[in-house]
Amino acid sequence: MARTKGYPEALEKKLADTRLYEDERHPEFTKTVEKISMTIPHMCYQCGTCTASCPSAPRSSYRIRKFVRRALLGLEDEALTDPDLWLCTTCYSCTDRCPRDIAPTDVIMAMRNLAFKRDIIPVNFLKTVQAIYTSGHGVPNNDVNRAARKKLGLPADPPTTHRFPQYIKGIQYILDYFELKKNADRIVKEREG
Amino acid sequence: MREYAFFLGCIAPNRYPGAESASYKASEKLGIKLLDLEGASCCPAPGAFGSIDLNVFYAMAARNLVLAEQMKKDIALVCNGCYKSIWEVNHKLKHNKELRDGVNEVLKGIDMEFKGTIDVWHLAELLYDPAIVGVQKIRDSVKVPLTGTRIAVHYGCHLMKPRKERHFGTTEHPTWMEEMVAALGAEPVEYRNKMLCCGAGGGVRGYDLVHSLDITNEKLINLKEAKVDALTEICPFCQLQFDRGQIEIQEKFGVSYNLPVLHYCELLGLAQGMTPQELALDLHGISCEPFLQKVL
Ligand code: SF4
Ligand code: SF4
Chain A
1 MARTKGYPEA LEKKLADTRL YEDERHPEFT KTVEKISMTI PHMCYQCGTC
51 TASCPSAPRS SYRIRKFVRR ALLGLEDEAL TDPDLWLCTT CYSCTDRCPR
101 DIAPTDVIMA MRNLAFKRDI IPVNFLKTVQ AIYTSGHGVP NNDVNRAARK
151 KLGLPADPPT THRFPQYIKG IQYILDYFEL KKNADRIVKE REG
Chain B
1001 MREYAFFLGC IAPNRYPGAE SASYKASEKL GIKLLDLEGA SCCPAPGAFG
1051 SIDLNVFYAM AARNLVLAEQ MKKDIALVCN GCYKSIWEVN HKLKHNKELR
1101 DGVNEVLKGI DMEFKGTIDV WHLAELLYDP AIVGVQKIRD SVKVPLTGTR
1151 IAVHYGCHLM KPRKERHFGT TEHPTWMEEM VAALGAEPVE YRNKMLCCGA
1201 GGGVRGYDLV HSLDITNEKL INLKEAKVDA LTEICPFCQL QFDRGQIEIQ
1251 EKFGVSYNLP VLHYCELLGL AQGMTPQELA LDLHGISCEP FLQKVL
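Chains as they are written, first to last, in the numbering used here: chain A, 1 to 193; chain B, 1001 to 1296.
Bound conformation, chain A alone (with noise of 0.2 Å):
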């Protein structure tokens, strides 16, 4: 029969082609991506339930199953370094679809983990970061806004670290106490001088 000529032989060539990344992988990038994200790639058997469901795969090369396939794969180096990793906007839509109750999702965000610990990250991110540093806030009240509060009757700053910056201190223990106010400063100056 056609279909299966010279089948044994195309098969063992095929497995016998260990070409195929082996240098390139590490077995425990498929752990840690597997501890830190609490979800089971290995599992995944590439249906592409995610990226069919993926609100960025269809304007842009981002597809989540093959980040998934490359942590079961163990391809550290293609996932951390492709800038396609930055392009997941977190929906959680391939999570709720996976056959397999993967969470790609949480994939992605053990992936971005492990690509920041290498200082690869967008400076808006790390901007996010320095904001918080100093007010609280992530995205700060400004005057037009204050003034608008009082119209409203509501206090010109909310009753967050706005209005109490006492609490500051404590946010500040907590970044200074992962380094990431240092990191980030770092990082951002390197970029932009």
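In case anyone wonders, no lab produced these hints; they're calculated from the structure.
Keep in mind that a hint or two might mislead.
Unchecked claim - Ranges between beta-carbon positions, derived for each pair:
(1) B:1255 - A:190: 44 to 50 Å
(2) B:1289 - A:176: 46 to 52 Å
(3) B:1165 - A:165: 45 to 51 Å
(4) B:1145 - A:151: 22 to 28 Å
(5) B:1282 - A:176: 51 to 57 Å
(6) B:1148 - A:186: 39 to 45 Å
(7) A:38 - B:1137: 22 to 28 Å
(8) A:192 - B:1109: 48 to 54 Å
(9) A:185 - B:1273: 48 to 54 Å
Unchecked claim - Listed below are several chain A residues computed to face chain B (Cβ distance under 7 Å; list not exhaustive):
(10) 26
(11) 96
(12) 113
(13) 120
(14) 122
(15) 134
(16) 138
(17) 152
(18) 174
(19) 178
Small disclaimer: the values here were computed from a predicted structure and weren't measured.
Built from N, CA and C at the ideal position, the CB exists for glycine as well.
Following the hints, complete the assembly by docking chain B with the ligands onto the known chain A.
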């Protein structure tokens, strides 16, 4: 009167104060009193902080949770992003001892300890829950019914998804928000791909604005097709993306929709008789006038 510590987040108080103001007033009419949560901060932004270092994300959210634990009050909030941080970290720390111990090791330095003594709720779920408020009471509180208007709902992502970790049922085609819209006298309108994300989350709005707006634009095209008078949501970050986003879409893609975008609390306040001034609707990027003319 049920009392909750009101976790404000950033965008409601600092960009759409009318949504904050309406939350106090509208919920008070329905038996919910929202108390100041002194010293709260950004939740922290789940996209930014979760991406950088989940341990920082847990510790920062835990600090906000401890403030409410000290008040001995459950938290109520009006933002899906805040829900993701505050609800989810509360849930994770309550059920994962290793995580909790790690977080408490950090919090020790600022004399705090996460104990897991409170719960976290989105105001929308409290309003919908018949044991707390319920659709009937919402209907009874309406003074200016939004009759004759067609309103679509954007549910957003982080309240209901991931479905298995939450308690809201289907995330493919929910209709509970539509019931709450109908209670205000408006006609809730379905549209194509309703559960699609607004495009702002995960740090994408900051990382690649055009990519993020392109997702928003797809939703706006679908909403236009359904001929709606307004879009309502329960997340100030989605609100920002749809409202200010329409101006950016006009600049970048040259298309305009002029679709008014209102937080459900603003809509509820309006139906209960608050004026557009009391809701600071003039701060919105897209004018709500055409919608208001149909209502008032
Ligand atoms: S939906 Fe699940 S099983 Fe299917 S490709 Fe994506 S991660 Fe793998
Ligand atoms: S969570 Fe991320 S990867 Fe999954 S569908 Fe949404 S944008 Fe795509």
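Against the structure, the hints come out as follows:
At roughly 38 Å, the beta-carbon separation of residue 1255 (chain B) and residue 190 (chain A) lies outside the given 44 to 50 Å, and the hint is violated. Separation of residue 1289 (chain B) from residue 176 (chain A) is about 48 Å and conforms to the stated range, judged on CB atoms against 46 to 52 Å. With their beta carbons about 35 Å apart, residue 1165 (chain B) and residue 165 (chain A) fall outside the hinted range of 45 to 51 Å. For the pair residue 1145 (chain B) and residue 151 (chain A), the supplied restraint of 22 to 28 Å holds, since their beta-carbon distance comes to about 27 Å.
Distance hint check: the CB atoms of residue 1282 (chain B) and residue 176 (chain A) are about 41 Å apart, inconsistent with the given range 51 to 57 Å. About 58 Å separates the C-beta atoms of residue 1148 (chain B) and residue 186 (chain A), a value inconsistent with the hinted range of 39 to 45 Å. The beta-carbon spacing between residue 38 (chain A) and residue 1137 (chain B), approximately 39 Å, falls outside the hinted interval of 22 to 28 Å. Take residue 192 (chain A) and residue 1109 (chain B): their Cβ atoms lie about 31 Å apart, and the range 48 to 54 Å is violated.
A hinted range of 48 to 54 Å for the beta carbons of residue 185 (chain A) and residue 1273 (chain B) is consistent with their spacing of about 50 Å. Contact between residue 26 (chain A) and chain B, as hinted, is not supported at the beta carbon level, the nearest pair being about 21 Å apart and thus beyond 7 Å. Nearest Cβ of chain B to the Cβ of residue 96 (chain A): about 5 Å, under the 7 Å cut. The hint holds. The interface hint given for residue 113 (chain A) holds, since its Cβ lies 6 Å from the closest Cβ of chain B, which is under the 7 Å cut-off.
Evaluation of the residue 120 (chain A) hint against chain B yields a violated restraint, the C-beta minimum of about 11 Å exceeding 7 Å. A cut of 7 Å between beta carbons decides the hint on residue 122 (chain A): the least distance to chain B is about 5 Å, and the hint holds. Annotation: residue 134 (chain A) was flagged as interfacial toward chain B, and the flag is violated, the nearest CB pair being 11 Å apart, outside 7 Å. For residue 138 (chain A), the interface hint holds, since its Cβ comes within 7 Å of a Cβ in chain B; the closest pair sits about 4 Å apart.
For residue 152 (chain A), the interface hint holds, the least distance from its beta-carbon to any beta-carbon of chain B being 5 Å, beneath 7 Å. Restraint check, residue 174 (chain A) versus chain B: the minimum CB separation of about 5 Å is within 7 Å; hint holds. A cut of 7 Å between beta carbons decides the hint on residue 178 (chain A): the least distance to chain B is about 5 Å, and the hint holds.
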